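Q: Fit chain B to the given chain S structure using the hints.
This is what each chain is made of:
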Amino acid sequence: MDNDQKTMLLNIMAEEFTAVEFNLYLDTHPDDKKALADYNETVKKLAELKSQYEKKYGPLTNFGYVPSQYPWQWVEEPWPWQLNFA
Amino acid sequence: MKGPNEGELARAHVVIQQYNRRFPPMEGLQKGTIFPELYMPYEKMTKETVKRDSWRSFGRGGRNG
Numbered sequence: 007m008d009n010d011q012k013t014m015l016l017n018i019m020a021e022e023f024t025a026v027e028f029n030l031y032l033d034t035h036p037d038d039k040k041a042l043a044d045y046n047e048t049v050k051k052l053a054e055l056k057s058q059y060e061k062k063y064g065p066l067t068n069f070g071y072v073p074s075q076y077p078w079q080w081v082e083e084p085w086p087w088q089l090n091f092a
Numbered sequence: 014m015k016g017p018n019e020g021e022l023a024r025a026h027v028v029i030q031q032y033n034r035r036f037p038p039m040e041g042l043q044k045g046t047i048f049p050e051l052y053m054p055y056e057k058m059t060k061e062t063v064k065r066d067s068w069r070s071f072g073r074g075g076r077n078g
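From first to last, the protein sequence lines stand for chains S and B.
Residue numbers for the first sequence follow this note's numbering, beginning at 7 and rising by one.
Residue numbers for the second sequence follow this note's numbering, beginning at 14 and rising by one.
If we strip away everything but chain S, and leave its shape as in the complex, we get (with noise of 0.2 Å):
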C-alpha cells in the first residue's frame, strides 16, 4: 500500500469521525441549523472522498460506492490487519 492510499484512507477516517460527531450533535440539538449545514457538508465531502478512494483504489465496503471495476477488486484491498498507519 502506497503513502497517497495510506492517506486517502486516513482521510475518510477523519472525515468520517467529524460526520459522526455531527451525527451525535444533532441526536439532541435537531434545530441547530448551523450544525445541521456542517453535517451536510461533511457528509458531502465524505461520499466524495469515498468515491476518490474507490475509483483509485476499489471498494471500501463490499457493495462500494462506485460500480466495481474489471477485474473484481474486493479480494484486491488489504485487509484491516494489513493496514499501518504509525
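In short, the hints are calculated from the structure, not lab data.
Be aware that one or more of the hints could be misleading.
Unchecked claim - Just the calculated beta-carbon pair ranges, DEER-fashion:
| no. | chain 1 | residue 1 | chain 2 | residue 2 | range |
| --- | --- | --- | --- | --- | --- |
| 1 | B | 46 | S | 58 | 25 to 33 Å |
| 2 | B | 63 | S | 13 | 38 to 46 Å |
| 3 | S | 50 | B | 53 | 41 to 49 Å |
| 4 | B | 19 | S | 40 | 44 to 52 Å |
| 5 | B | 40 | S | 34 | 16 to 24 Å |
Stated by the list, open to error - Stretch by stretch, here's where chain S covers chain B in the computed footprint (C-beta under 8 Å, at least three residues):
| no. | region |
| --- | --- |
| 6 | 30-36 |
| 7 | 39-47 |
This structure is a prediction, so every number in the text was calculated from the model and none was measured.
Backbone N, C-alpha and C fix where the C-beta goes; we use that ideal spot for every residue, glycine too.
A: Just chain B now, with coordinates in the frame of chain S:
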C-alpha cells in the same frame, strides 16, 4: 432536621452544548472530538500536579479548607 442518611441524592447538572466552532477533521480525529469545548486532555503527571491534585491536600487550607 434530617439525619445523616436522609439528605437528598446527588443531582447531575450538565449545561447544554452550543455549537459554533470545530476542529478540522484530522485534528478532531487525533484529539477524539471535533468540539473545542469538549477537548479536555489529562495533563501529564508531574511532581507539581500530583502535589496540587493530591487528595491529601483536600480540607487543609485549600480552596474549601
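Q: If you test the structure against every hint from before, which numbers come out violated?
A: 3
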